Amino acid sequence: MEHEVPGSAPEQVPLRCQNVALRINRDQLEVFFPMLQRGVTVQASLGCPLGEFLCAQLGIPEEYVAGRITTIFLDNRPVDDLERSLIREGSRVTLSAAMPGLVGATMRRSGFYAALRQGITHQEQGGAAGAGQGTVRLKLFNLLLPELAPLVLAHGVLLQREELDALLRALEAASRMGVASSYLCGRDACGGILVTVSLRE
Amino acid sequence: MDKFARIDMGAAGGPKVTVGPVGEYAGLGGRAMTSLVVAAEVHPLAHALGAENKLVIAPGMLSGTTGSMTGRLSVGCKSPLTGTIKESNAGGQAAQVLARLGYAAVVLEGKPEGDDLYKIVINKDGIQVIVDNSLKLMDNYPLVAKLRGEYGDRAAYMTIGSAGERGLLAASIACTDPELRPTRHCGRGGVGAVMGAKKVKAIILDDAGMKMRPPVDPIKYRDANRKFVEGLKKHPVTGEGLPAYGTNVLTNVLNEAGGYPTRNFKTGQFEGASDLSGETQAALEIKRGGSATHGCHRGCVIQCSGIYNDKDGNYLTKQPEYETVWSHGGHCGISDLDTVAMLDYMDDNIGVDTIEMGVTIGVAMDAGIIEFGDDAGAIRLMEEVGKGTPLGRVLGCGATVTGKVFAVERVPVVKDQALPAYDPRAVQGIGVTYATTTQGADHTAGYAIATNILKVGGDVDPLKTEGQVELSRNLQIATAAIDSTGMCLFIAFAILDQPETFQALLDMLGGFYGITMTGDDVVALGKKVLLAERDFNSRAGFTKHHDRLPRFFYNETIAPHNQAFLMKDEELDEVFNF
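Chains as they are written, first to last, in my numbering: chain A, 32 to 232; chain B, 14 to 591.
Think of the hints as simulated: they come from the structure by calculation, not from any bench.
Just so you know, these numbers come straight off a predicted model, no measurement behind them.
There may be inaccurate statements among the hints.
As the list claims (entries may be wrong) - Label pairs and their computed distance ranges (CB to CB):
(1) A:185 / B:529: 51 to 59 Å
(2) B:16 / A:93: 54 to 62 Å
(3) B:589 / A:115: 32 to 40 Å
(4) A:69 / B:579: 27 to 35 Å
(5) A:88 / B:579: 32 to 40 Å
(6) A:168 / B:165: 55 to 63 Å
(7) A:123 / B:16: 38 to 46 Å
For every residue, glycine included, the Cβ atom is placed at its ideal position computed from N, Cα and C.
Could you put the whole structure together from the sequences, leaning on the hints where they help?
Below, the structure is given as structure tokens:
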């Protein structure tokens, strides 16, 4: 189902759905930031390099990945080589812009101070990375939140019913208009409810 | 900046002021000035709170000019916390004003008899030392408010709170920001206790009637400053990340890396990190009518600070920095930003180092004094420090003392100074600096200065693991040099990535002093400072065996990487082999 947020006339009939499409104003985007900061589950083709996941699957331009996403973690380990780091079921991918401090500089991808974090740098261990469709946990930090949120949300995030409940309430609070209460009843689908978000221009 | 002032607080008949030429210390600023004076003039075995210690206050080489980011003030002495030499620096207005008044350094010497408390007024007419016992045991916010009533809003104020008067080893010296709030602190090492021991409660700096310091080559200086500012503004860290989120933008990243010390260094990730993050903090500050972007001194273009208002929209404190949010937050199992902000305010008001106090409260939690995550309990402990109760005095003397009093085995200190917010088991390289720095554990002792551009120590392959000792050495040398310029350390990122911005910095120094500066000159200055500090520490009884992390870092692994600190002692001993 598709839904405009905010809407002027809240539906009163409970809806059952596995897919929710929201259209929001750009100024409502920040409602999603806490959730994106903590991490969201997104669908992904498994077994591919991290670079391919970011560019081909999420649709992030290559030059943006190269120049802006200077700090990337895969399963809590800073990544230097996007092409030799593979996406697996349940992988945790975290994206950040350049960070201050020595440790911020140390975490940078292939940065000059990468040696200072030896021992936690991501090393692809080999072994099967799996194939087919699966899910990845994705986090966005700092400057990337406003910049990448539209792409990630357009790709869609999988939410549990209570997460969608909280999100819609937050959107409602942000818009100060009644919209959301009747959309809190998505079916308990395996993997959650796929929520896609587009921006009104 | 051609004057050098000595104030003998213990002189017969009362404090005596001597102002003379800079002499043998000519051309020095900031940390170079403080460390070389202390190394040359303070007996290394002196009691840090005794008459033999000196408190050296020095603006940077470019402070008081029209240059951007030039407002760091260095304070140096023998540290009562660590027993080593100490340089502690802060932003705020003091450095700019002191430099415009023409002082390369003001040195507090001796120790007065009796209980009188003094304030020192420095203006265009000279230096006055005045007894003012009405200031006794005042804390920084009311103290500055009272002084403003007398000396006005043009002045900059350096003050100590009740902690400094009581000689607590975590005591800081506060410097007022452009809004005349005592929010910028020379925090580390107990420098406030040294000022308190000399019975100096406040230094009032008034540059009315003074002008900006003129460069030797005004056009070169102006052009270099313009390029320098352009470089800062175009860099994603100094031009975007820091202005938007402040240093607390690191919380999420460190937590993700598993290097966020949690509940007194028991694990590397905190479940409440996103509630404390810079992103969350900035959104809250804006929502409450504060600000996520604010400069700690005039002339700052990075604007990494902010204004933190309470739930009712009233000013509570400046934007707490990452290390503060960590020490009072995740380190103590606390995830409420309002609690952290209140503790930050209390630190500033009482006049104690936020890192030392947060770490100490975490140690006290480990001792069972209160539970981890006890927000109200943490505030209560800080109140004890402010009141000067026996427990408060123990806590105010830092993590080592508190650990000993309460028999805590896990006390995260090096040379008795609390570790900042980065676990050396996850980021091994920073552990090398923590262990070996002349200052005690200090995250700014080996900052991300452009060693690649400076070629400090020659080329190092950063992807070779054996490069860590070399990197730490080079970073410490480069940082000592930058600390001497009076430039904010956050310029590091722009000069790290943009050689033209580093060249602009060199050209600023060259244009101001009419000299040609090269990277080699910067490296030579850094080495000179470090060797003097190292020599002082050696004469004070410190050996290579003090250049170690606490044993628990070697014996306990930390999740999620399940890694201990792996650097060998022999490798650590190589850091100072230059």
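- Message: For a quick check of understanding: which of the numbered hints are violated here, in increasing order?
- Response: 7
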